[in-house]
Amino acid sequence: MLRLKKVKKIDNEVTAEFYIEDSSECGHIVIDINIMDIKEYSMPSEWETGFIYLAHARYSIIKMIEENNIVEERLVMWYWKTDFINQFFILLNLAYFLYINKYKLWIMNRK
Numbered sequence: 002m003l004r005l006k007k008v009k010k011i012d013n014e015v016t017a018e019f020y021i022e023d024s025s026e027c028g029h030i031v032i033d034i035n036i037m038d039i040k041e042y043s044m045p046s047e048w049e050t051g052f053i054y055l056a057h058a059r060y061s062i063i064k065m066i067e068e069n070n071i072v073e074e075r076l077v078m079w080y081w082k083t084d085f086i087n088q089f090f091i092l093l094n095l096a097y098f099l100y101i102n103k104y105k106l107w108i109m110n111r112k
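Numbering (the working numbering), first residue to last: 2 to 112.
Misleading hints may appear alongside valid ones.
[Said to hold, decoys possible] Below, simulated SDA-like cross-link-like pairs (lysine to any residue); rule was C-alpha separation at most 20 Å, straight line: (1) K7 to M78; (2) K6 to N94; (3) K7 to F89; (4) K10 to I63; (5) K64 to D23; (6) K64 to E26; (7) K10 to L92; (8) K64 to E47; (9) K64 to L92; (10) K7 to L76; (11) K40 to A96; (12) K10 to E47; (13) K64 to F98; (14) K6 to K40; (15) K64 to S25; (16) K9 to E47; (17) K40 to M78; (18) K9 to E49.
Don't read these hints as lab results, they were simulated from the structure.
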């Protein structure tokens, strides 16, 4: 479970804070509307490897953009057993995003 808060559309970006489970520390995500993907993010310090939460934050915001229904707050919950295929593709998409961006940073740092 995660809570999206302070969801705002500014120009071609949607920004939000997200709170994982009952954590009081927030993460931050920015979705670029032009590419419909993550432009930047930060994870709460105690959840630095909890990328499933980032994937669900991303997916939920993209759905809001597609439905033209950007709300300021949203509770996101999921259940693994009933939706395994969907969860798999959400994680696969995020893994691809993280891999590509790590590769881009490696190329930029080589120069």
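Results for each hint:
{"no.": "1", "hint": "K7 to M78", "result": "18 Å, holds"}
{"no.": "2", "hint": "K6 to N94", "result": "23 Å, violated"}
{"no.": "3", "hint": "K7 to F89", "result": "28 Å, violated"}
{"no.": "4", "hint": "K10 to I63", "result": "12 Å, holds"}
{"no.": "5", "hint": "K64 to D23", "result": "24 Å, violated"}
{"no.": "6", "hint": "K64 to E26", "result": "24 Å, violated"}
{"no.": "7", "hint": "K10 to L92", "result": "25 Å, violated"}
{"no.": "8", "hint": "K64 to E47", "result": "27 Å, violated"}
{"no.": "9", "hint": "K64 to L92", "result": "16 Å, holds"}
{"no.": "10", "hint": "K7 to L76", "result": "12 Å, holds"}
{"no.": "11", "hint": "K40 to A96", "result": "15 Å, holds"}
{"no.": "12", "hint": "K10 to E47", "result": "27 Å, violated"}
{"no.": "13", "hint": "K64 to F98", "result": "17 Å, holds"}
{"no.": "14", "hint": "K6 to K40", "result": "18 Å, holds"}
{"no.": "15", "hint": "K64 to S25", "result": "25 Å, violated"}
{"no.": "16", "hint": "K9 to E47", "result": "25 Å, violated"}
{"no.": "17", "hint": "K40 to M78", "result": "23 Å, violated"}
{"no.": "18", "hint": "K9 to E49", "result": "24 Å, violated"}
When held up to the earlier numbered hints, the structure conflicts with 2, 3, 5, 6, 7, 8, 12, 15, 16, 17, 18 and fits the remainder.
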